[in-house]
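Novice: Each chain, written out:
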Amino acid sequence: MDSSGRFVARHVATLPKSGIRDFFAIVSKMKDAVSLGIGEPDFVTPYHIREAAIACLEKGRTSYTDNRGTQQFREEVSRYVARNYGPEYDPDTEILGTIGVSEALDILLRAVLDPGDKVLYHEPCYVSYAPSVTLCHAEAIPIRTVSADQFALDPAALRAAWQPGCKLLVLNFPTNPTGGTADRAKLEAIAKFAVEKDLLVASDEIYSELTFEGDHVSIASLPGMRERTVFLHGFSKAFAMTGFRIGYACGPAAVIDGMLKVHQYGIMCAPIMSQEAAVEALRNGRDSMLHMRDKYRERRDFIVRRFNELGLRCHLPRGAFYAFPDITSTGLDSMAFAQKLLEQQKVAMVPGTAFGAAGAGFCRASFSTSYERIHEAGERIARFLDALPRR
Amino acid sequence: MNSVLKLILDGEALDTAQIGRILGLGAEAVDRELAALRQQGVLLGMRPVLNPSYESEHRVRAVIEIKIRTEGVGGFDGIAERISSFEQVESCYLMSGGYDLLVVVTADNLYKVAGFVHERLARIDGVQGTSTHFFLRAYKKDGFIVNAEASRRDQPSVSP
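Here the protein sequences line up with chains A and B, keeping their order. My numbering applies: residue 48 is where the first sequence begins, and numbers increase by one. My numbering applies: residue 1235 is where the second sequence begins, and numbers increase by one.
Accuracy of the hints is not assured; some may be wrong.
Stretch by stretch, here's where chain A covers chain B in the computed footprint (C-beta under 8 Å, at least three residues) [what the hints assert, rightly or not]: (1) 1250-1256; (2) 1364-1377; (3) 1387-1394.
Derived pair list, reagent style DSS-like, types lysine-lysine, alpha-carbon separation capped at 30 Å [said to hold, decoys possible]: (4) B:1374 to B:1346; (5) A:308 to A:78; (6) A:342 to B:1374; (7) A:342 to B:1375; (8) A:64 to A:393; (9) A:393 to A:78; (10) A:308 to A:214; (11) A:76 to A:64; (12) B:1301 to A:342; (13) A:76 to A:308; (14) A:165 to A:308; (15) A:244 to A:233; (16) A:78 to B:1301; (17) B:1374 to B:1301; (18) A:165 to A:64; (19) A:78 to B:1375; (20) A:233 to A:214; (21) B:1374 to A:106.
Simulated from the structure, these hints should not be mistaken for lab results. We put the beta carbon where it would ideally sit given N, CA and C, even for glycine.
Build the full structure now, drawing on both the sequences and the hints.
Specialist: So, in structure tokens, the structure goes:
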């Protein structure tokens, strides 16, 4: 018998596994399943971007790069961020290339948190936030967001959740899994509170280009926020580059310097071919990105209308590519709904509770898939709902 | 672009009822829209795109470059329209460059294509020369990759 478990650290042993794993195991073995569980673009990376990676290999550019990323990569990032989000960052001291936003957030947490520090974040949210905080021996404090607000973060809820010892606030707009966004007024109130309580803000804006309603505003662009915000972004969603694993962090030099220490010992640098592909995406990827965004918006309109027709109340997500219907009208909880739907009609949706307790009563359905599949999923969900005992 | 047309061009296999539901229109409205597009000459037709290896067993397809002389024969249009009227002709285009018309033909076998070239095309007044190339193998057709397995993505079916 394997007794090696005794070697595993307590805080890791007690960390729950991602609720998504179990579903993945079942769906991957199931034939004819229609999956709305895919958290990545269904588009292939645009060819001109892939070509940049191919050219990099052909030229034999296969070495390490500067820990921060190539000069060209950082300069391009600096221009892109200034043009699209506002703040200007110095490529030499304020920008760090990472293995996606996942690494960027992880090294940020490790660079700034002391054991026992507290971190505020809004829920439902991406699966890694709370566990990553726990791995730093710090305490994650969720702030509940609700459907009535379209899952935007209510500044009053932030104030209520705050407690002494809070050091960092993690934001993610547009939000995975809810598609929640934050308008300027809300962000201004949040920013004011961050200044009042001297909070550092980590803003994960990975879905920002995929904003369907209104303009995306970065909290880093608000007065007084640049010096206390670490802007996290990457290429996975907007440019369909998940497999390239490339992202970046922009922020005040001292924080980026701290992150650089963790990054240089743990990772060394992001892969050079991914950096070169990213440069091409930033320079020439806008048209492909806008094309994909339009496709997501059309599919969003269809899936949201379909859920509402079926009696599963669904708000209109203003960004990202997930619908987050309320399934409480079925009398089932999130997990039971997702499990039964998968067993009976072979449709995979991710239970809202995988994204935190605030996701209870909801399921996430990705519309990053073809119309054919969304349509078929709709038919199957209709049959599933018909077969449920009348309430 | 017309929203119905846009959906059809995406290449997904959707019937009119499905298109109607996706666009929130209803199947009759989609049918009306399609009829209007046909009438306007925008939509010439819709047919399935077959993997060439599943088309009729020994059917062959060839592309023929044709050089023509236009004096006294009614110009390019007259000849091109005449060539287009043959049932063997799948498509016919006026081209820039070293020849004038590009014609794609299909036939039951190589000899029938050969017969078409020398008995039909070559006899048309104005056709000065032809150059015939046979298709050997298809890798991509009308936007579809023929060997779907080769381009399969190993995307996980559930991811965070």
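Novice: Taking the earlier hints as the rules, which of them does this structure contradict?
Specialist: 2, 5, 12, 13, 16
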